[in-house]
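Peer 1: Each chain, written out:
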Amino acid sequence: MTRPIDLDTQRFKEIVRGKVRDGLKKYITQGEILGRQGREVVSIPIPNLDIPRFRHGSKGSGGVGQGEGEAGQPVGQGGDQEGGLAQPGDQEGQHIREAELTLDELADMLGSELELPLITPKGDSTLKTKKLRYNSIRQTGPKSLRHFKRTYKRALRRLIATGGYDPLTPVVIPTHEDERFRSSSEVVLPHANAAVIYMMDVSGSMTDDQKQIVRTESFWIDTWLRSQYDGLQRRYIVHDAVAHEVDEDTFYRTRESGGTRISSAYTMAQKIIERDFPPADWNIYCFQFSDGDNWGEDNTLCMQKLQNDLIPVCNLFCYGQVESPYGTGDYLRELKKIVSRFENLILSEIKNREGIYESIKTFLGKGK
Amino acid sequence: MATSISTHRQLPAELREIQLRTEDYARSYGLDFYETIFEVLDLEELCMFAAYGGFPTRYPHWRFGAEYDELVKTHMYGLQRIYEMVINNDPCYAYLLNTNMMIDQKLVIAHVYGHCDFFKNNAFFSHTNRKMLNQMANHAARISRYIDRIGYEQVEQFIDACLSLEDLIDPHSVQIKRAPDISAMPHAALLRDEDFEYLATEGRFPSKGYMDQFINPPEVLEREAKERKDREVERVKKRSFPEQPQRDVLQFLLQHAPLRDWQHDVLSIIRDEAYYFAPQGQTKIMNEGWASYWHTFLMTRHGMNDSEVIDYADHHSGTVAMTPQRLNPYKVGIELFRNIEERWNNGQFGPEYDNCTDMKEKARWKKDVGLGRQKIFEVRRIHNDITFIDEFLTPEFCAQHKFFSFAYNPSADQYEIASREFDQIKQQLLTSLTNHGRPFIYVVDGNYRNRGELYLQHQYQGVELKSGHTQDTLVNLQKLWARPVHIETVVDDKPTVISYDGHSHQTKAMSAL
Chain Z
1 MTRPIDLDTQ RFKEIVRGKV RDGLKKYITQ GEILGRQGRE VVSIPIPNLD
51 IPRFRHGSKG SGGVGQGEGE AGQPVGQGGD QEGGLAQPGD QEGQHIREAE
101 LTLDELADML GSELELPLIT PKGDSTLKTK KLRYNSIRQT GPKSLRHFKR
151 TYKRALRRLI ATGGYDPLTP VVIPTHEDER FRSSSEVVLP HANAAVIYMM
201 DVSGSMTDDQ KQIVRTESFW IDTWLRSQYD GLQRRYIVHD AVAHEVDEDT
251 FYRTRESGGT RISSAYTMAQ KIIERDFPPA DWNIYCFQFS DGDNWGEDNT
301 LCMQKLQNDL IPVCNLFCYG QVESPYGTGD YLRELKKIVS RFENLILSEI
351 KNREGIYESI KTFLGKGK
Chain H
1 MATSISTHRQ LPAELREIQL RTEDYARSYG LDFYETIFEV LDLEELCMFA
51 AYGGFPTRYP HWRFGAEYDE LVKTHMYGLQ RIYEMVINND PCYAYLLNTN
101 MMIDQKLVIA HVYGHCDFFK NNAFFSHTNR KMLNQMANHA ARISRYIDRI
151 GYEQVEQFID ACLSLEDLID PHSVQIKRAP DISAMPHAAL LRDEDFEYLA
201 TEGRFPSKGY MDQFINPPEV LEREAKERKD REVERVKKRS FPEQPQRDVL
251 QFLLQHAPLR DWQHDVLSII RDEAYYFAPQ GQTKIMNEGW ASYWHTFLMT
301 RHGMNDSEVI DYADHHSGTV AMTPQRLNPY KVGIELFRNI EERWNNGQFG
351 PEYDNCTDMK EKARWKKDVG LGRQKIFEVR RIHNDITFID EFLTPEFCAQ
401 HKFFSFAYNP SADQYEIASR EFDQIKQQLL TSLTNHGRPF IYVVDGNYRN
451 RGELYLQHQY QGVELKSGHT QDTLVNLQKL WARPVHIETV VDDKPTVISY
501 DGHSHQTKAM SAL
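Protein chains in written order, with UniProt numbering: chain Z, 1 to 368; chain H, 1 to 513.
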């Protein structure tokens, strides 16, 4: 049965997606709930539409709060937030919006929010794994695998059949013959492995803000790919004029100065692939983040390496350019020249934090 | 349609028994409520009812869908829980969530009886429609009919425009007569015939004939009559109306805007619903405080068994928990009611107590007068949040609960703690509660510049309007009024008029006009 509320919800979603009532688009607010996954705080967007009303602005406003603190201590951000007493809602018992989430849930949400297609892995014919599945029943087995319900059912059946069952004192004791056990059989599953190589420019022109964007974005990419593959291996490369393979932690913390030579990172990526991930068995993903600054004469070498060595072996090669106050962003232009020739080369420009979702969608929207 | 509004499921026997028991206890302590009908809903149904403001049937509109979507999502990820919903209606309808633990259901049932008592007895609810369940279904049917006739998009757009103005009502108008009403003159029956002459002239105070020349001195009457006449001449010249600035902008639009039949009806529906919901906003702290007071009282005395104490304590503390630096109406309400009860039990009121300057003695003050319970019942009858805070908030209470006031600091773009002084906290709290912290907007002239333009005035009280929203609201207002619309307000500390003529906005400083 379709309930009226479903029609309302559907209508609302159409408005948010801009399919109908285009004029309302500017009123879309990006509410969010915060999810916590280990150390990471992730935000789950909850869009809504703001109906314009005569309202007080921030200037000159205030309110009353409860808690510790000295005069002058900040209690909240200005901007859109309404000052004053907590706005009385119609519902009861509202709590802070912060949730503990599992990675699976996150990936689900990401997938449904961004409408990401499921990935069709390559290499499924070469690697297989055997797994045990408990999918049948037998009459012998260890006690730990005893199927409780079936055992008692059989016992009950036997009791009723022999007339030993008294509904007023329903005592059912299974005998050895009643016992049933779970039994396993081997199933062969195709095993898909994926390797992700992250490359980041850590030259002086990348600021902490940009690194934060890269960090958030790569977290989401990880989450999604992890949900799509049985095993996910990650490698991290940082580079300025020379490239280094580093661990995850260093990747996000390193701060170098000096010039940029992107080709050095490509060489390193190529090395890693050759060493660890034979392309025939692995789904390889490369994500490169940079502010787009590169030494001019290096560009030719980069294009060469990219076209000959990297793109052919990767499922996807994604280049994300974060906007930086210092970077010129030339490199993106170079890549744009060749992008039409490769289906698995994807470019994205990430202007600010809000651009992250859009960029993930661009990267993973092809289902590769 | 009108009859099939509720799903009317039989309450499970166990809950039914709890309900009856709680109801008996509630009555025995003096709570007084309409018949209360509980229904058990699953999560999606509960979210749907919540999105509909507690009602099973509302007119089709996307904002209910938006609300529903958010509720379901936040519920699924365990971010938020709706424990209960109850609507102000006769009979009261209350909804329970089927997955709640038994102790939650008990708590909710007790809480609901607190609300029901409040709905029935608080003065600010006395004018609300107690058959709102039917009325809402009726509204839904009417709007659905217009949708069939006019088209979904058109009706929806018009509703959107109306919602933009939804809160421009006069919540006190149901209790106050704004216009003089001659038939209500007191003691009219005692007067002699010649005394009725002055009923013809306004501005007279009622008086016995022999006192009349003192109470209504002829020269004053004459002066006032002249002033009135001048004003009248002026008014006729300007052809402006209404006579007095009118706060119920929606009513003004209903009376004077060039609306089609269906538009008129839709706007009146929006207005009716706004008036129905207004008292709930006016009494949020009291209503939740009262219900929480009673659920604690009933639960701790009669409600639970030993195994449920921990869960009860957990859920109760969740309800009244302070989120850091935000006021929780449940918490403020219940504490203030308890505080009042304690003060009136111990005789901590009246001039003797107020004039006592010895703080130590004040803190120790204990006279066994035992008027507490009686007092809080009186308070729940006659107060709303503003008068409740104004009358009963004490410096001791503020200090004990660590209240502070905060203010916006434009240079840092953030809110900062401004003060811990009682006077400032109280003043700030009252300001936030006044009209929900929303601006006061009046219709000043419906024939501005003698061109049929609409002129609104924002009563500036130190906080300016949010600029983008103001312009967009004017656009929606213009859709209803059809002629140019203006609002007088203050922008960057200067009196300013913002206008919209159907094509573009204009912002003019007042001095330039």
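Simulated from the structure, these hints should not be mistaken for laboratory data. Remember, predicted model here, so these are calculated numbers, not experimental data. Hints should not be assumed to be uniformly reliable.
Capping the alpha-carbon separation at 30 Å, the derived lysine-lysine pairs in DSBU-like fashion look like this [as the list claims (entries may be wrong)]:
(1) 508(H) x 26(Z)
(2) 337(Z) x 361(Z)
(3) 59(Z) x 508(H)
(4) 494(H) x 366(Z)
(5) 366(H) x 426(H)
(6) 402(H) x 59(Z)
(7) 331(H) x 59(Z)
(8) 13(Z) x 479(H)
(9) 59(Z) x 494(H)
(10) 208(H) x 229(H)
(11) 337(Z) x 351(Z)
(12) 59(Z) x 426(H)
(13) 73(H) x 351(Z)
(14) 361(Z) x 73(H)
(15) 402(H) x 360(H)
(16) 366(H) x 13(Z)
(17) 479(H) x 26(Z)
(18) 494(H) x 26(Z)
(19) 26(Z) x 360(H)
Peer 1: Taking the hints in turn, state whether each one holds.
Peer 2: For each hint, the structure was consulted:
Using a Cα cut-off of 30 Å, the hinted pair residue 508(H) and residue 26(Z) holds, with the two alpha carbons roughly 25 Å apart. Pair hint residue 337(Z) plus residue 361(Z) holds up; C-alpha atoms about 22 Å apart against a cutoff of 30 Å. Distance check on the hinted pair: residue 59(Z) and residue 508(H) sit about 20 Å apart at the alpha-carbon level, within 30 Å; holds. Restraint check for residue 494(H) and residue 366(Z): the C-alpha separation of about 55 Å exceeds 30 Å, so the hint is violated.
For the suggested pair residue 366(H) and residue 426(H), the alpha carbons sit about 26 Å apart, so the restraint of at most 30 Å is met. For the hint pairing residue 402(H) with residue 59(Z), the CA-to-CA distance comes to about 25 Å; that is within 30 Å, so the pair holds. Restraint check for residue 331(H) and residue 59(Z): the C-alpha separation of about 28 Å stays at or below 30 Å, so the hint holds. Taking the CA atoms of residue 13(Z) and residue 479(H), the gap is near 25 Å; set against the 30 Å cutoff, the hint holds.
Simply put, residue 59(Z) and residue 494(H) have alpha-carbon atoms about 14 Å apart, close enough for the 30 Å limit, and the pair holds. Distance hint between residue 208(H) and residue 229(H) is fulfilled; the C-alpha atoms sit about 27 Å from each other, no more than 30 Å. A C-alpha spacing of about 21 Å is found between residue 337(Z) and residue 351(Z), which places the hinted pair at or below 30 Å, so the restraint holds. Between residue 59(Z) and residue 426(H), the direct Cα distance comes to roughly 20 Å. Compliance with the 30 Å bound is thereby established for this hinted pair.
For the hint pairing residue 73(H) with residue 351(Z), the CA-to-CA distance comes to about 28 Å; that is within 30 Å, so the pair holds. The suggested pairing of residue 361(Z) with residue 73(H) holds, with an alpha-carbon distance near 21 Å, which does not exceed 30 Å. Annotation: proposed proximity of residue 402(H) to residue 360(H) holds, straight-line Cα distance about 20 Å (limit 30 Å). Using a Cα cut-off of 30 Å, the hinted pair residue 366(H) and residue 13(Z) is violated, with the two alpha carbons roughly 61 Å apart.
As the CA atoms of residue 479(H) and residue 26(Z) are separated by approximately 18 Å, the hinted pair is consistent with the 30 Å bound. Of the pairs offered as hints, the one joining residue 494(H) and residue 26(Z) holds, with about 28 Å between alpha carbons and a cut-off of 30 Å not exceeded. Restraint check: the Cα-Cα separation between residue 26(Z) and residue 360(H) comes to about 59 Å, which exceeds 30 Å; the hinted pair is violated.
Violated hints, listed in ascending order, are 4, 16, 19; each of the other numbered hints is respected by the structure.
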